[in-house]
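Asks: I would like the entire structure built from these sequences, with the hints used as guidance.
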Amino acid sequence: MVDLVWLIPTFPLLGFLTLICLGKSVREPIAGWLATTAMAGSFLSVLLVFIGMLLEKNENRQTVFTLFDWIPAGDFKVDIGFLADPLSITMCLFITGVGTLIHLYSIGYMHGDSDFNRFFTYLNLFAFSMLVLVLGDNLLLTFLGWEGVGACSYLLISFWFRDRANATAGKKAFITNRVGDWGFMVAMFLIFFNFGSLQYLEIFNILESNQIAKTTTTFIVLMLFVGAMGKSAQFPLYLWLPDAMAGPTPVSALIHAATMVTSGVYLLIRVNPIMVEASTWSTGLIAWVGVGTALFAASIAVAQTDIKKVLAYSTVSQLGYMVLAVGCGAYTAAIFHMITHAFFKALLFLGAGSVIHGMDGEQDLRRYGGLRSLMPITAGTFIIGWLAIAGVPPFSGFWSKDEILAFAWNKSPLLWIVGIVTALLTAFYMTRQVVLTFFGKPRYLDAGDAGDAGDAGDAGDAGDAGDAGDAGDAGDAGDAGDAGDAGDAGDAGDEIKPHESPWTMTLPLVALAVLSVVGGLIQLPFSSSTKWLEHWLEPATFHNETHLHLSSSTLWVLALLALVSVVAGIGIGLTTYLKEKIDKQIFEKPILHNAWNFDSTVSRFMGGPGSKAFAAVARFDKQVIDGAVDGTGQIVKKTASILRRTQNGLVRTYALGIGIGAIGLLIWFLTRTTI
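Per our numbering, numbering through the sequence shown is continuous, rising by one, with the last residue being 887.
Calculated from the structure, these hints are not laboratory results. Quick reminder that beta carbons are idealized off the backbone N, C-alpha and C, glycines included. One or more hints might be untrue.
Have a look at the derived ranges for each label pair, beta carbon to beta carbon [what the hints assert, rightly or not]:
id: 1; residue 1: Ile-242; residue 2: Lys-289; range: 41 to 47 Å
id: 2; residue 1: Leu-216; residue 2: Leu-804; range: 48 to 54 Å
id: 3; residue 1: Leu-626; residue 2: Ala-828; range: 39 to 45 Å
id: 4; residue 1: Trp-394; residue 2: Ile-629; range: 32 to 38 Å
id: 5; residue 1: Pro-625; residue 2: Asp-215; range: 47 to 53 Å
id: 6; residue 1: Gly-286; residue 2: Ile-803; range: 55 to 61 Å
id: 7; residue 1: His-755; residue 2: Gly-592; range: 41 to 47 Å
id: 8; residue 1: Asp-795; residue 2: Gly-592; range: 26 to 32 Å
id: 9; residue 1: Gly-592; residue 2: Ile-803; range: 45 to 51 Å
id: 10; residue 1: Gly-822; residue 2: Leu-216; range: 46 to 52 Å
id: 11; residue 1: Trp-493; residue 2: Gly-592; range: 45 to 51 Å
id: 12; residue 1: Ile-629; residue 2: Arg-239; range: 55 to 61 Å
id: 13; residue 1: Leu-719; residue 2: Arg-239; range: 20 to 26 Å
id: 14; residue 1: Ser-326; residue 2: Leu-719; range: 24 to 30 Å
Replies: As structure tokens, this is what we get:
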């Protein structure tokens with residue numbers, strides 16, 4: 213059954229090709245069901261391969277299925293082949309499983325959209341690209357999927373491209389990721405130059421048998437990390453992800469939960485044998501960038517007023533935890549948190565979409581309140597997602613985050629301190645979001661607040677001078693696609709009538725809520741026998757995991773302190789926003805709402821000195837580089853025009869040339885002899 217791995221990407225590819233060929237001839241719901249069926253077929257294929265792999269012994273759970281030769285060019289040989297091992301199949305399980313639920317959800321969410329068919333065409337292509345990324349048995353095929361998800365993210369983020377802010381957000385995501393792609397490409401060049409291959413297993417075998425300079429492996433790891441920073445939104449290349457909220461909410465769930473943003477972390481874990489050979493300062497740098505990004509993004513999330521913007525910065529923060537785990541050598545912990553995050557973050561995004569749908573396109577938390585009784589399924593499942601991401605036991609997020617924090621303490625107590633502060637902030641801002649949305653008095657009935665809807669005042673600035681920091685707020689207004697004209701959200705006033713979403717939207721919420729509760733069971737810390745995920749991933753991690761050198765009592769104390777931080781965060785959130793005993797203005801500072809002004813500063817630089825610098829580089833390229841090339845051509849051309857005059861076809865001219873040549877030879881001969 214493991215040889216059926218080729219079916220996994222085939223189903224979404226067939227769905228994409230079918231929708232492309234049928235075009236708009238297919239009516240609205242059928243296109244959605246075709247795409248969803250394709251994803252479900254892919255998920256069933258993964259289950260078959262997974263079962264087949266479980267039946268194999270641990271050492272045999274690694275198979276390469278080659279379809280055909282792709283690039284045979286001398287010593288450079290690359291195949292189209294799929295590497296089926298516990299790591300790739302684990303990734304495929306939650307990519308296709310959560311992806312199927314998101315496809316089903318989209319049928320209800322995108323109802324009535326004029327580009328319904330195009331949306332599902334993009335979704336299937338995105339899923340195919342992501343599966344190629346994780347299944348590729350070589351770096352080049354991974355890079356092909358890497359670029360595919362980048363292109364699809366541009367198409368999906370700017371799906372409602374008629375809104376300038378949405379188009380700007382899509383371009384920003386595309387360009388920012390190109391910076392990371394540069395690092396990936398440099399790493400590939402270095403790997404081929406030093407290893408002579410791009411096949412993962414060949415590289416690892418060579419690394420095991422031959423001594424590669426530590427400086428080489430360190431530089432390769434750093435370049436791969438640059439690539440991971442782009443895709444997995446680490447500081448400073450996180451800028452694209454908050455603005456990705458301009459796309460429809462299912463896109464946000466797909467990109468931010470189970471697929472694109474995890475690809476950078478996956479890449480680092482896939483090359484873990486190279487990571488182990490790199491200098492310790494490089495992995496320490498990865499850990500500090502991860503935990504720094506986590507804290508930075510969490511501090512911004514506490515002041516966001518857009519329901520999706522809170523979740524966007526939360527995603528950046530949670531990705532920081534995963535990168536922290538990778539830097540600490542805790543590859544299983546990183547995958548564990550990636551899985552649980554896929555469950556509860558997809559749940560939260562789809563729950564946010566359900567709220568937006570029920571509120572006729574409204575996205576401003578300040579215009580919500582009291583929705584718990586009007587949207588019971590959405591509220592109940594969203595609350596489960598809140599408890600999971602906050603780290604409340606026994607929900608899945610508690611187990612995965614606690615394991616990462618333990619490894620952080622094992623590497624450096626300072627890393628643990630930053631991580632625990634981030635956990636407190638996570639519990640706080642998620643409590644704030646839940647309270648403002650589902651509890652308290654209904655604020656959507658107050659027409660006087662309508663002007664605040666969606667931070668509409670920022671919408672006018674979103675397209676100006678590339679100020680993408682504000683683009684997310686305005687772009688999110690475009691997310692009211694099913695409400696008609698998003699610009700009318702501010703006029704909704706007391707006409708808004710909150711309602712529960714249809715079953716196609718609530719069913720995925722219930723399924724993800726269940727997974728968010730039980731997801732932690734795959735890796736419990738109580739004994740070796742309860743660490744199923746760690747044993748399962750051993751063939752892919754090559755026993756390169758860092759081992760915890762902590763006593764049981766230390767682990768219990770760390771877990772207790774983590775729980776205290778979570779309780780403190782939830783308590784502060786409830787006291788501030790539910791009981792209103794603390795002035796909420798303390799937490800909603802403009803500098804936090806504006807993301808520490810980092811995004812706007814980068815935008816101003818790019819629109820000012822940066823733009824002038826790029827123009828100067830373009831002029832230098834045109835006048836100096838191209839000038840040198842063109843000048844060389846002109847010299848050759850003019851010299852040739854002079855020389856061609858001697859080739860006139862006249863015999864007397866050639867005879868004269870022979871005579872001159874003979875005389876020249878005679879003179880040369882006489883001057884070189886002693887006679």
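Asks: Are the hints correct? Go through all of them and say.
Replies: Checked hints:
1. Our hint of 41 to 47 Å for Ile-242 and Lys-289 holds, since their Cβ atoms are close to 43 Å apart.
2. The hinted range of 48 to 54 Å is satisfied by Leu-216 and Leu-804, whose Cβ atoms lie roughly 50 Å apart.
3. The hinted window of 39 to 45 Å between Leu-626 and Ala-828 holds, with their beta carbons roughly 42 Å apart.
4. Taking the beta carbon of each, Trp-394 and Ile-629 are about 34 Å apart, inside 32 to 38 Å as hinted.
5. Range check, Pro-625 to Asp-215: about 48 Å between beta-carbon atoms, so the 47 to 53 Å window is met.
6. About 56 Å separates the C-beta atoms of Gly-286 and Ile-803, a value consistent with the hinted range of 55 to 61 Å.
7. Look at His-755 against Gly-592: about 42 Å separates their beta carbons, and that is inside 41 to 47 Å.
8. Between Asp-795 and Gly-592 the beta carbon distance is about 30 Å. The supplied range of 26 to 32 Å therefore holds.
9. Between Gly-592 and Ile-803 the CB atoms are about 35 Å apart, so this pair departs from the stated range of 45 to 51 Å.
10. In this structure the hint that Gly-822 and Leu-216 lie 46 to 52 Å apart at CB holds, the actual value being about 50 Å.
11. Our hint of 45 to 51 Å for Trp-493 and Gly-592 holds, since their Cβ atoms are close to 47 Å apart.
12. At about 57 Å, the CB distance of Ile-629 to Arg-239 agrees with the hint of 55 to 61 Å.
13. At about 22 Å, the beta-carbon gap between Leu-719 and Arg-239 stays in the expected band of 20 to 26 Å.
14. Taking the beta carbon of each, Ser-326 and Leu-719 are about 25 Å apart, inside 24 to 30 Å as hinted.
Of the hints listed earlier, the one the structure fails to meet is number 9.
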